[in-house]
Structures are given as C-alpha cells and as structure tokens.
Amino acid sequence: MELIEIIIKSIIIGGLVGFGVGAGAARMFHAPKVQGMGAFRTLGELNACAGDAASHFSFGLGFFFNAWASSVGAGAFTQDVDHRIIPNWAAAILMRKGKRPEDTLHNPKKMAIAGAVVGVVVVTFLNSTASAIPESLQAIAIKVLVPAANLLINPVMPVIFWLAALDAGKRSGLWGTIFGGAAHLIMGNAVPGIVLGILIGKGVDDGGWSKVTKTLLTSVILLFVLSAFFRGFDIQMIRSFNLEVPGWIIDLHKLIGFEVK
Amino acid sequence: MTNQQETETLYNKSFWYADWSFPIFVALLSAGIFAGTHMYYQYHIGAFNDVAIVAMLEAGLQGAGYGAAAAFGASFLFARILEGSLVGILDIGGSLQTGLGIGVPALLLGAGITAPLESFVLSLATGGILGIVIGYVIIGIRKFTVGQSNSTFGADIMMGAGNASGRFLGPLIVISAASASIPIGIGSIIGAAIFYAWKKPVAGGAILGAMLFGAFFPISLD
Chain A
115 MELIEIIIKS
125 IIIGGLVGFG
135 VGAGAARMFH
145 APKVQGMGAF
155 RTLGELNACA
165 GDAASHFSFG
175 LGFFFNAWAS
185 SVGAGAFTQD
195 VDHRIIPNWA
205 AAILMRKGKR
215 PEDTLHNPKK
225 MAIAGAVVGV
235 VVVTFLNSTA
245 SAIPESLQAI
255 AIKVLVPAAN
265 LLINPVMPVI
275 FWLAALDAGK
285 RSGLWGTIFG
295 GAAHLIMGNA
305 VPGIVLGILI
315 GKGVDDGGWS
325 KVTKTLLTSV
335 ILLFVLSAFF
345 RGFDIQMIRS
355 FNLEVPGWII
365 DLHKLIGFEV
375 K
Chain V
676 MTNQQETETL
686 YNKSFWYADW
696 SFPIFVALLS
706 AGIFAGTHMY
716 YQYHIGAFND
726 VAIVAMLEAG
736 LQGAGYGAAA
746 AFGASFLFAR
756 ILEGSLVGIL
766 DIGGSLQTGL
776 GIGVPALLLG
786 AGITAPLESF
796 VLSLATGGIL
806 GIVIGYVIIG
816 IRKFTVGQSN
826 STFGADIMMG
836 AGNASGRFLG
846 PLIVISAASA
856 SIPIGIGSII
866 GAAIFYAWKK
876 PVAGGAILGA
886 MLFGAFFPIS
896 LD
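Chains as they are written, first to last, in the working numbering: chain A, 115 to 375; chain V, 676 to 897.
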C-alpha cells in the first residue's frame with residue numbers, strides 16, 4: 115500500500131520538478147535578457163555536449179548511478195537530479211534525430227515537456243527502488259554516511275570555503291573571516307557567513323560601495339543580529355564575559371516568547 | 676521586422692520567455708522540491724539534495740537541533756536570490772534545493788510547525804506559494820538593478836568551493852566505513868576503487884560497497 119502511495123506521489127513530484135527544470139534550463143540560454151534557472155555549471159555542461167544526443171545521455175547516466183546509490187543509501191537524490199540528469203536526458207530525447215540545439219535545447223516549451231517526462235520516470239524509479247531496500251541496510255548506510263557527512267559539514271566545508279575566500283582577494287578574505295567566525299559562534303557553522311562575506315567582498319570589488327552592496331551589508335548584519343537574538347546568543351555572550359545580564363534584555367526575550375533561564 | 680526585433684517581441688510576449696511567467700516556473704519546481712522533503716520526512720527517501728546537506732536536516736530530526744540546517748539553507752536562499760536576479764540565472768541548487776528544500780523545513784520544524792511536512796498536499800502548496808514569492812522577488816530585484824551592476828558577487832568562487840568540498844565526501848565515506856567495522860570498511864574500499872576505475876564518483880561506490888558487505892556482516896545499531 116505504501117509503495118503505491120510513494121509511486122503516485124513520485125509521479126506528481128517528478129512531473130512538477132522536471133517541467134520547471136526543463137523550462138528553466140532552456141531559458142538559461144537566453145540569459146541575461148530572459149531570467150533563467152539552473153546553474154552556471156549546468157549551462158557549461160549542456161554547452162559541452164551540445165548537439166550530440168549520445169553525449170547528453172551518457173553524461174546524465176554517470177550521475178544517475180551516483181544519485182541511485184545515494185537514494186538507496188541515504189534517501190538523498192543528490193542535487194544532480196535537477197542539475198544534470200533531467201536537463202541532459204531531456205536534451206538527449208529532443209535531439210535524438212540529430213536536431214539542432216537552437217530548436218530543441220534552447221526552446222523552453224519543448225524542454226519543459228521533455229523534462230517533465232524524464233522527471234516522472236527518474237523520480238519514480240529512484241523512490242520506488244530506494245523504498246524497496248530493507249530498513250536494516252538503510253540503517254547501515256546511515257551509520258556510515260552520517261559521520262562522513264558530519265565531518266564534511268564541519269570542519270571540511272568551512273575550511274574550503276574560508277580558504278577560497280582568502281584566495282579571492284583582500285575584501286572577500288576580510289569579510290569572509292569576520293562573518294565566517296561570527297557565523298560559527300552564532301549559528302554553529304561558518305559556511306553561511308563565509309558565503310555572505312565573499313558576496314559582499316566581490317560585490318564591492320566589482321561595483322564599489324553602491325546602493326546594492328550597502329543594502330547587502332545591512333541585510334547581512336541584520337540577519338546575524340536577528341539570529342543571534344533568537345538563539346539567545348546575546349545573553350550567553352554577556353554571561354560568558356562574567357557580566358550581569360540587564361533586565362531589559364531578558365524582558366525583551368520574554369516579550370517575543372523565548373524564555374531565557 | 677528585423678531578426679533582432681522579432682527576438683525582442685518573443686522575449687516580451689511569449690509565455691515561455693517572459694518575466695511574468697518566471698514565478699510560475701519557480702513555483703512548480705519549488706512545489707516538487709518541497710514535496711520531496713515531505714517524502715524524506717515521511718518515508719526517508721526522495722530529498723532533492725546531497726547527502727551532506729540532507730544529513731543536516733537528519734541531525735535536526737534526530738533531536739540535535741535545526742539551527743545548522745536552518746542557517747545554512749536560509750543564507751544560501753538569500754544569497755542565491757540576490758545573485759540570480761543580478762546575473763539572470765537562478766541557481767536552483769542553493770536557492771531551491773538547499774534554501775527552500777532544507778532551510779525552510781528546518782525553520783518550520785525548529786518552530787514546531789510540522790503540518791506542511793506531514794501532509795503531501797500541504798507540502799505542494801507551501802512549496803508552490805513560496806516559489807511564487809521567490810520568483811516575484813527575483814523579477815522585482817531585476818527591475819531595480821539590471822544595468823546597475825555587472826558583478827557576479829563571487830558566484831564563481833562559491834561554486835568552485837562547493838564543488839571542491841563535494842569531492843571530499845568520497846574519501847570521508849571510506850574513512851567512516853572503515854571506522855564502523857572491518858567488513859564494511861573493506862566493502863567500501865572495493866566499491867570506491869571500482870567506481871574510480873569506472874570514472875564514476877567515488878562516494879557512490881563507497882556507499883554501495885559498505886551496504887553490500889554490511890548485509891552479510893551486520894553491525895549492531897544502537
């Protein structure tokens with residue numbers, strides 16, 4: 115019974131996702147005049163195989179096996195289902211008779227329909243085979259994967275992003291270090307802070323302190339202040355410095371509904 | 676009409692190319708991705724993201740707190756919306772798959788709201804509505820800023836770092852499998868080696884090898 119439920123849901127999900135991904139990918143070829151969605155690397159990879167249905171298919175297939183292993187193992191599709199498998203297989207279907215990319219891959223209507231078909235098949239296949247795996251086996255996968263993923267989240271990813279920020283220039287390095295460190299203190303992971311630091315640093319490098327970059331900096335600081343407040347970081351910080359927490363701060367927390375001990 | 680003008684009219688008038696239809700495409704994709712997270716919440720399958728990122732949500736579901744997933748997802752969503760409208764390509768990995776598919780559910784669950792993840796229909800609706808909002812925000816920012824800035828805001832650097840960290844997962848899985856038990860470790864080494872020889876991502880082979888050997892030599896799971 116559960117399997118039928120999973121299949122029906124997968125068909126709906128696959129159709130929706132495939133339609134959106136297909137249309138978005140085709141629209142990328144008309145950017146920046148038309149707003150597309152996908153990713154720069156997807157665009158590059160689609161261009162690299164352009165015109166050859168077999169290349170598109172085998173490129174998607176390579177990632178399909180990885181996605182399958184990951185789905186069976188951890189219930190995670192990998193981002194490649196949306197980034198690589200659906201766009202490349204949709205392109206392969208449309209180009210199978212040697213049609214030009216301009217009339218197929220670059221056409222949002224055709225790509226949306228082909229994408230929806232591929233999406234239904236891929237999502238249903240991945241979900242139904244993953245759910246057929248005995249739970250004890252999934253448990254082993256989780257037992258292996260979760261520690262690996264935890265290492266990746268902390269400290270591997272923060273370090274890689276941090277080094278990338280330091281290598282990207284003085285401003286990115288400086289803002290990345292400040293916001294990265296603050297993010298680890300407040301949110302428990304440095305990556306979001308470093309990403310925002312790079313965003314500000316490179317934004318200023320390329321365009322100076324314009325309205326856009328100023329707004330960006332203000333909203334990032336606001337984001338940090340708000341998340342610090344809602345996680346009670348302000349009170350913890352004051353206490354860590356062996357200071358008395360002013361009554362009005364505790365009252366403010368109570369007002370919002372976050373009781374502080 | 677010249678060719679150039681024809682293209683311009685096509686971009687403005689046609690549903691498939693216009694700015695006004697963009698939120699609709701985002702909404703459909705978002706509805707699917709959010710419902711994918713519902714599948715993960717309900718059956719432990721079908722989340723539209725990488726193992727490393729789904730593991731953050733899993734950590735929250737296991738009771739370790741949703742802070743990391745919420746902060747990671749929300750800031751990615753924020754950064755990608757801004758970048759997407761400036762460069763003309765919305766990165767669905769950061770904005771929708773991570774931001775909307777992991778960050779928003781973590782925010783909701785952290786606040787004790789479970790309904791949008793428990794019900795399939797509600798998950799579709801939540802994803803769809805948020806997708807429309809995201810789509811309109813992007814078109815809105817586009818209207819204000821296009822031509823004002825030529826910066827990509829370091830998107831290339833972040834993508835490079837993102838891809839580099841993905842590469843770490845393969846070796847990390849083998850290390851983690853080798854720490855779990857000897858048979859599972861051997862299985863994952865063989866799997867990783869075969870996948871490498873086939874020029875496939877090592878992580879996939881390492882997981883499958885570990886599971887295969889784990890089936891014959893189970894380890895106790897507390």
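Since the hints were derived computationally from the structure, they do not count as laboratory data.
Errors might be hidden in some of the hints.
As the list claims (entries may be wrong) - Keeping only pairs whose Cα atoms sit at most 25 Å apart, straight-line, the calculated SDA-like set for lysine to any residue is:
1) V/K874 to A/S324
2) A/K257 to V/H719
3) A/K284 to A/D319
4) A/K368 to V/H719
5) V/K874 to A/S172
6) A/K257 to V/G841
7) V/K874 to A/S169
8) V/K818 to A/S324
9) A/K257 to V/A693
10) A/K284 to V/V762
11) A/K325 to V/L784
12) V/K875 to A/G176
13) V/K818 to A/G321
14) A/K223 to V/Y686
15) A/K147 to V/S696
16) A/K223 to V/L736
17) V/K874 to A/L157
18) V/K874 to V/I894
19) A/K257 to V/A800
20) V/K874 to A/K223
21) A/K257 to V/K875
22) A/K368 to V/L784
23) V/K818 to A/H220
24) A/K257 to V/A853
25) V/K875 to A/I256
26) A/K147 to A/S169
27) A/K223 to V/G841
28) V/K874 to A/G321
29) A/K223 to V/D831
30) A/K223 to V/A853
31) A/K257 to A/N268
32) A/K325 to V/R817
Q: Decide if the proposed pair is consistent with the structure: A/K223 and V/L736, CA atoms, cutoff 25 Å inclusive.
A: Given pair A/K223, V/L736 is violated - Cα atoms ~39 Å apart, limit 25 Å.
Q.
With the threshold set at 25 Å, check whether the alpha-carbon distance from V/K875 to A/G176 stays at or below it.
A. Holds, because 6 Å separates the two Cα atoms, which is no more than 25 Å.
Q: Below or equal to 25 Å on CA atoms is what counts here, so check V/K875 against A/I256.
A: holds (21 Å)
Q.
What's the verdict on A/K368 and V/H719, does the C-alpha distance respect the 25 Å limit or exceed it?
A. violated (37 Å)
Q | A/K257 paired with V/A693 [C-alpha distance capped at 25 Å] | A | violated (47 Å)
(Q) Between the alpha carbons of A/K147 and V/S696, is the straight-line distance 25 Å or under? (A) The given pair, whose Cα atoms are some 14 Å apart, holds under the 25 Å limit.
Q.
Tell me if the straight-line CA distance from V/K818 to A/G321 falls inside 25 Å.
A. holds (18 Å)
Q: Assess, step by step, whether the Cα of A/K223 is no farther than 25 Å from the Cα of V/D831, and give holds or violated.
A: Distance ~29 Å between A/K223 and V/D831 Cα, so the pair is violated.
Q) Taking only the CA atoms, is the gap from V/K874 to A/L157 under or equal to 25 Å? A) Distance ~22 Å between V/K874 and A/L157 Cα, so the pair holds.
Q. Given the hinted pair A/K284 and A/D319, is their alpha-carbon gap at most 25 Å?
A. holds (9 Å)
Q | 25 Å Cα cutoff - pair V/K874, A/G321 | A | With a Cα-Cα distance of about 41 Å, the restraint between V/K874 and A/G321 is violated, given a limit of 25 Å.
**Q.** Agreement of A/K147 and A/S169 with the hint, judged by alpha carbon distance not exceeding 25 Å
**A.** violated (28 Å)
Checked against the numbered hints given earlier, the structure breaks hints 1, 4, 9, 11, 16, 18, 19, 20, 26, 27, 28, 29 and 30 and satisfies all the rest.
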